[in-house]
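Count along the sequence shown from 1, add 353, and you get the number used in this note's numbering.
Because the hints were derived from the structure by calculation, they are not lab data.
The structure displayed is predicted, hence computed values, not measured ones.
Just so you know, even glycine gets a beta-carbon here, dropped at the ideal spot from N, CA and C.
Treat each hint with caution, since some may be false.
Said to hold, decoys possible - Simulated restraints, written as ranges between beta carbons of each label pair:
| id | residue 1 | residue 2 | range |
| --- | --- | --- | --- |
| 1 | Gln495 | Asp455 | 25 to 31 Å |
| 2 | Gly398 | Glu877 | 49 to 55 Å |
| 3 | Met556 | Ile577 | 37 to 43 Å |
| 4 | Thr508 | Gln383 | 41 to 47 Å |
| 5 | Ile577 | Asn540 | 27 to 33 Å |
| 6 | Arg781 | Gln527 | 56 to 62 Å |
| 7 | Gln414 | Asn540 | 36 to 42 Å |
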Amino acid sequence: MAEAIQQLVLDTLDKEGSIKDTRTLVLPGQTDAAASHDSQIIILGALNSLSSREMISYTTQETISHVLTQEGASIALNGSHEARVWAVLPAKGEGEPIPPKDLEKRVGAETAKLGQANAFKKKWITKEGAGLVKIVSEIVDQTQLDMREVDSTGTLKAGEKALAELRRRKLIAQRKGQWFTVSKGSNFSTSIEKPETDLTVDMLTSGSWKTSTYKKYNFEAEGIPTNGGALHPLMKVREEIRNIFLEMGFAEMPTSSFVESSFWCFDSMFVPQQHPARELQDTFYLSDPSTALHPPEDYYKRVAKVHEHGDYGSKGYQAPWSDAESHRLLLRTHTTATSAHMLYKLAAKCRGEQVDDDGLGTHSGTTQTHAQGEGAKNDGFRPAKLFSIDRVFRNESMDATHLAEFHQVEGVVADRGLTLADLIGFMRVFFKKMGLENIRFKPAYNPYTEPSLEIFAFHPLLKKWVEVGNSGMFRPEMLEPMGFPKDVHVHGWGIGLERPTMIRYGISNIRTLVGHKVSIESVEKSAAVRF
Numbered sequence: 354m355a356e357a358i359q360q361l362v363l364d365t366l367d368k369e370g371s372i373k374d375t376r377t378l379v380l381p382g383q384t385d386a387a388a389s390h391d392s393q394i395i396i397l398g399a400l401n402s403l404s405s406r407e408m409i410s411y412t413t414q415e416t417i418s419h420v421l422t423q424e425g426a427s428i429a430l431n432g433s434h435e436a437r438v439w440a441v442l443p444a445k446g447e448g449e450p451i452p453p454k455d456l457e458k459r460v461g462a463e464t465a466k467l468g469q470a471n472a473f474k475k476k477w478i479t480k481e482g483a484g485l486v487k488i489v490s491e492i493v494d495q496t497q498l499d500m501r502e503v504d505s506t507g508t509l510k511a512g513e514k515a516l517a518e519l520r521r522r523k524l525i526a527q528r529k530g531q532w533f534t535v536s537k538g539s540n541f542s543t544s545i546e547k548p549e550t551d552l553t554v555d556m557l558t559s560g561s562w563k564t565s566t567y568k569k570y571n572f573e574a575e576g577i578p579t580n581g582g583a584l585h586p587l588m589k590v591r592e593e594i595r596n597i598f599l600e601m602g603f604a605e606m607p608t609s610s611f612v613e614s615s616f617w618c619f620d621s622m623f624v625p626q627q628h629p630a631r632e633l634q635d636t637f638y639l640s641d642p643s644t645a646l647h648p649p650e651d652y653y654k655r656v657a658k659v660h661e662h663g664d665y666g667s668k669g670y671q672a673p674w675s676d677a678e679s680h681r682l683l684l685r686t687h688t689t690a691t692s693a694h695m696l697y698k699l700a701a702k703c704r705g706e707q708v709d710d711d712g713l714g715t716h717s718g719t720t721q722t723h724a725q726g727e728g729a730k731n732d733g734f735r736p737a738k739l740f741s742i743d744r745v746f747r748n749e750s751m752d753a754t755h756l757a758e759f760h761q762v763e764g765v766v767a768d769r770g771l772t773l774a775d776l777i778g779f780m781r782v783f784f785k786k787m788g789l790e791n792i793r794f795k796p797a798y799n800p801y802t803e804p805s806l807e808i809f810a811f812h813p814l815l816k817k818w819v820e821v822g823n824s825g826m827f828r829p830e831m832l833e834p835m836g837f838p839k840d841v842h843v844h845g846w847g848i849g850l851e852r853p854t855m856i857r858y859g860i861s862n863i864r865t866l867v868g869h870k871v872s873i874e875s876v877e878k879s880a881a882v883r884f
């Protein structure tokens, strides 16, 4: 079909020299001139193909016409609402007036409502008693005549004012059309043989490339837009939170160990070996390798003793201690395991031991300590503020706000004389910097912190309070076996990275933020987050 139309255009140009109006062309397989909108679209495709080969040139002429809406088409076929109302009413004095309720049953509720108003306005009907009657014997349904005229010609002889009224009533819609004037191009020919676009092996072998015509390169054509890299919303929020920590004088902890031992993930933090969180339903355990290397012997014995028999003023759990349980390997359930490593190294300095501090000594000058100045103890302890943001794993059922793999924002502050009030004050400042001023604290229980607080933020899209973190003060049963002095207290907290991101970006389902359902386009277009 496309080649037949191209040939028609070329033959017409060859015969007449130009085409002044493509609406006069009769397309192959048709008997009437191609005046319709759809026909001109088909002709435009043929013209573009010929123009790309410089066989013709054309100019576009725009037209404005009107088409009937669904309601307008119904009026053209069945008459206007007022005419249909008039048709079913009896003449005055010749029958029983029809009540409005009965009229709705005969012509429909919408026709009865609109038709009555227009018929009264045109003085075709009147009210008689409790019903309606017609008061003229004949009518001219001008609306129907107008619809039929628009349907056949695309316009009205009555002019623009009448068309505007019909558009206002949504009986017709304006449609832009186009037609074309065509003239010969520099490469005009009546042959539509397409030029070659590629040089092939067969052409080189046969020598036909010497006599073939080739399509010119269009150096003005725009190439395919290149896609650059884009940061995921989680990474944008992660970087903002990281900057908040650094601004507040924290140092970042190394968190590359996704695999931890039960000792560092649970035992060192005074989580009982019988705790339900250590069950397979909540934790991913490794099968190969299945056991970890032994931790420092003296520290291991102190931890085992405080669990099984109690120490440092605690009765412990009075439950049997299992070396096998302590040595099991697992995917870490929280980054607090890393915090336990770092706190152990920090406490080692108090004991005068030489350890790889991983940068622990770099932030003592930026940490406000309660013990600075006169009276500061010379026991080797230096205050520390540490944070990490990394992945953790829990064997959880996935839903709109939970995943089996997520990111935890972890922070600890170690100093002398810290209190719960200091922790709450810090949390309020921290979350305010994140833009989450609407937060609440709720008392909670953690094996390794006492007192403990859950942190909630209001999610405006879900319209409910969502838990975003957990916090508390590490217990003496955790700190003193490490070697910390009794007056050294440690704040610890962990918040999810995903939920603050969901609140910030108005996301209601975590599975559209992380996983296979994530839209690449949404990642590319997500705005930079600013707390």
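Verification of the supplied hints:
1. The hinted window of 25 to 31 Å between Gln495 and Asp455 holds, with their beta carbons roughly 27 Å apart.
2. Remark: the range hint 49 to 55 Å for Gly398 to Glu877 is contradicted by a beta-carbon distance near 33 Å.
3. Range check, Met556 to Ile577: Cβ separation about 27 Å, and the 37 to 43 Å hint is violated.
4. For Thr508 and Gln383, the hinted distance range of 41 to 47 Å is not satisfied, since their beta carbons lie about 23 Å from each other.
5. Separation of Ile577 from Asn540 is about 28 Å and conforms to the stated range, judged on CB atoms against 27 to 33 Å.
6. One distance hint, 56 to 62 Å for the beta-carbon pair Arg781 and Gln527, holds here, with the actual separation near 59 Å.
7. Hint check: Gln414 to Asn540, Cβ distance near 24 Å, so the stated range 36 to 42 Å is violated.
Violated hints, in rising order: 2, 3, 4 and 7; the structure is consistent with all others.
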